[in-house]
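*Asks:* Using the sequences and the accompanying hints, generate a full structural model.
Residue numbers (this note's numbering), protein chains in the order written: chain A, 1 to 316; chain B, 1 to 329.
Treat the hints with care, as some may be off.
[Unchecked claim] Think about it this way: if two alpha-carbon atoms lie no more than 30 Å apart in a straight line, the pair counts; the simulated DSSO-like pairs of lysine-lysine are: (1) Lys217(A) x Lys88(B); (2) Lys305(A) x Lys217(A); (3) Lys205(B) x Lys147(B); (4) Lys222(A) x Lys80(B); (5) Lys147(B) x Lys207(B); (6) Lys124(A) x Lys80(B); (7) Lys16(B) x Lys124(A); (8) Lys130(B) x Lys217(A); (9) Lys303(B) x Lys222(A); (10) Lys88(B) x Lys205(B); (11) Lys217(A) x Lys16(B); (12) Lys74(B) x Lys88(B); (13) Lys284(B) x Lys303(B); (14) Lys80(B) x Lys315(B); (15) Lys315(B) x Lys3(B); (16) Lys217(A) x Lys80(B); (17) Lys222(A) x Lys147(B); (18) Lys16(B) x Lys284(B); (19) Lys124(A) x Lys217(A); (20) Lys80(B) x Lys284(B); (21) Lys82(B) x Lys305(A); (22) Lys222(A) x Lys130(B); (23) Lys88(B) x Lys124(A); (24) Lys124(A) x Lys315(B); (25) Lys82(B) x Lys217(A); (26) Lys9(B) x Lys205(B); (27) Lys88(B) x Lys303(B); (28) Lys147(B) x Lys307(A); (29) Lys217(A) x Lys205(B); (30) Lys130(B) x Lys205(B); (31) Lys284(B) x Lys302(B); (32) Lys147(B) x Lys204(B); (33) Lys130(B) x Lys305(A); (34) Lys3(B) x Lys204(B); (35) Lys82(B) x Lys222(A).
Worth flagging that the hints you see were computed from the coordinates, not collected in a lab.
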Amino acid sequence: MYKYVAKRLLYMIPVLLGVAFLVFTILSLTPGDPGSIILGITAKPEEIAALNAEFGYDKPFFVRFFSYIGDVVLHFDLGTSYQSRQPVIQDIIARFPNTFWLTVFSMSAAAIIGIVLGILSAVKQYTALDQSLVVIALIFASVPGFWLGLMLMLLFSMKLGILPSYGADSLRAFILPTITVCMSSAASLLRLTRSAMLETVRQDYIRTAKAKGASGKRVIWKHALRNAMLPVVTTLGTNFGASLGGAIIAETVFAMPGMGTLITTAIRQKDIPVVMGATLFLAALFSLVILIVDVLYAFIDPRIKAKYQNGGKRRE
Amino acid sequence: MNKTVLDVKNLSIQYKTDLETVYAVNGISFSLEAGETLGLVGETGAGKTTTALGILGLLPERTARITGGEILLKEQDLLKLKEQEMQKVRGSRISMIFQDPMTALNPVLPIGQQIGEALYLHNDEGLTQKQIEQRVEETLELVGIPKARKVEYPHQFSGGMRQRVVIAIALICNPDILVADEPTTALDVTIQAQILTIIRDLQKKYKTTVIMITHDLGVVAETCDKVGVMYGGKIVEYGALEDIFTDKEHHPYTEGLFRSLPSLTGNSRRLQPIEGLMPDPTVKPEGCWFAPRCGQCMEICKKEAPPVWEDDAHKIRCHLFHQKAKGGE
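*Replies:* Here's what the structure looks like:
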């Protein structure tokens with residue numbers, strides 16, 4: 001098992017290098033240079049060239065790429081922002097907690113709501129409760145995040161005036177963004193849990209459990225749930241990882257200083273070190289979350305644990 | 001010894017959907033005494049498994065209807081029990097062995113826990129956790145699995161070993177009746193023999209009544225005292241093992257079944273399959289259900305449902321014998 005985790009950690013190196021190369025290439029291919037964006041259209045060409053030279057932007061693509069990677073790998077240095085002239089790592093440290101807590105709050109809420117209601121929906125299949133839950137889930141899965149965010153703001157901030165519409169200073173400021181991020185995730189988890197449960201309760205071993213005299217409740221909780229959880233955990237993990245980097249819409253709508261807004265602003269300003277640093281940070285984090293999900297699998301399903309321990313070979 | 005344990009009277013089961021009604025079981029009756037084994041033989045779709053699930057009360061809730069009959073377990077009608085009362089019967093007084101051991105066990109629970117659960121659910125003796133564990137170990141040894149393997153998971157066992165685990169689950173509470181639904185169909189021949197031996201030995205030891213559902217006449221010959229040949233949800237021939245397996249009067253369907261078997265001792269010959277397919281179970285024919293495939297079909301067979309012809313305990317549902325009896329007189 002430890003060997004498996006170590007192997008997976010090593011796999012992260014090529015993944016991160018690939019992400020770095022891709023993002024760096026895309027940034028270089030987009031038109032404009034940092035010097036002219038910072039100094040504006042009134043600046044003289046010599047001043048712009050001097051500033052670009054200071055950033056090292058005048059050097060060829062591969063020289064810039066490898067010197068960046070060299071700094072990251074050898075000195076753990078993510079570079080300095082072109083705009084703020086602050087180390088990139090400081091921007092990340094300032095912004096990341098907001099995104100992190102937003103993700104933790106919204107994903108925990110999504111997991112609880114989605115899984116519990118999903119089970120309920122499956123157990124009460126074909127009842128009015130099940131059908132209304134399915135319809136509600138479909139609505140929330142299809143509503144765009146920005147619209148939901150704006151509507152929540154309109155109702156709770158403007159009309160009722162009970163919750164703040166922007167910022168990240170208090171816990172109350174997190175409530176509306178959390179709901180915005182949570183709802184679509186909760187809806188997809190509900191639908192997934194429901195279908196996984198319905199699939200599981202049709203299995204032969206569920207009939208075996210019933211033939212033993214187990215009650216309906218016991219069959220669900222002891223026999224069906226754990227088997228139905230595999231796809232749910234996968235989706236929850238991916239949603240968690242995606243939300244770390246992708247709560248951009250909620251962060252933008254609620255003017256929350258998080259990683260999403262950090263990256264979008266930096267892209268607009270062609271602030272290459274910030275975009276690179278933040279992207280690499282999130283990519284590493286995402287890989288770690290996926291690794292944790294894969295390790296969780298082993299605790300849910302002994303067959304997968306055996307696979308990890310035997311390096312992929314099945315014991316007969 | 002000759003006390004009736006299970007008495008099934010005129011049991012009928014239908015599957016109803018919005019589109020159609022499937023007449024799966026159409027008035028079958030049999031009774032069993034302690035320690036006896038009844039073989040239910042027939043093709044796929046004859047209603048064997050539906051009968052078994054009906055006895056355990058495990059029919060699919062939304063579609064299946066028991067439309068008539070009684071299932072008396074020591075004079076108590078199981079069909080009148082509430083679901084909660086039925087849960088107490090299931091697994092403790094009647095238990096079941098399933099066809100496919102590869103899918104019958106929960107993949108995420110150790111087998112010891114799965115075996116112990118049956119006892120834990122019906123713990124009338126008030127056993128402690130430790131005593132339950134001990135019984136699990138004893139039961140494992142009985143079915144021929146080393147007790148140290150109780151912590152292992154189903155994927156670590158072969159098909160035959162898994163079927164032993166399923167048998168252990170079924171037998172740990174020492175039930176009055178064991179329903180074995182094609183317990184050897186998914187296994188290869190050497191393992192089949194082992195599994196049948198285990199079931200027979202344990203049956204003798206505990207005087208369990210067994211309903212052996214199979215389409216394999218060899219299994220029937222080896223294990224059963226009574227045989228019911230099922231066709232179209234009816235028992236078309238019923239009798240002691242000797243009645244069925246000796247050269248006596250037989251239902252044309254039973255004869256067909258035997259002709260489709262290879263003979264080990266006689267001259268080799270071509271096997272004779274029964275021509276045609278099972279009748280459409282959504283249509284209730286007027287006459288005999290087997291008439292379209294029967295080589296000895298008469299005019300009356302297409303119009304009237306055949307009455308039962310009896311010779312002591314040997315019963316055949318066919319017009320043929322009544323006609324012969326009339327002709328002879």
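*Asks:* Checking against the hints above, which ones are violated?
*Replies:* 9, 21, 24, 27, 29
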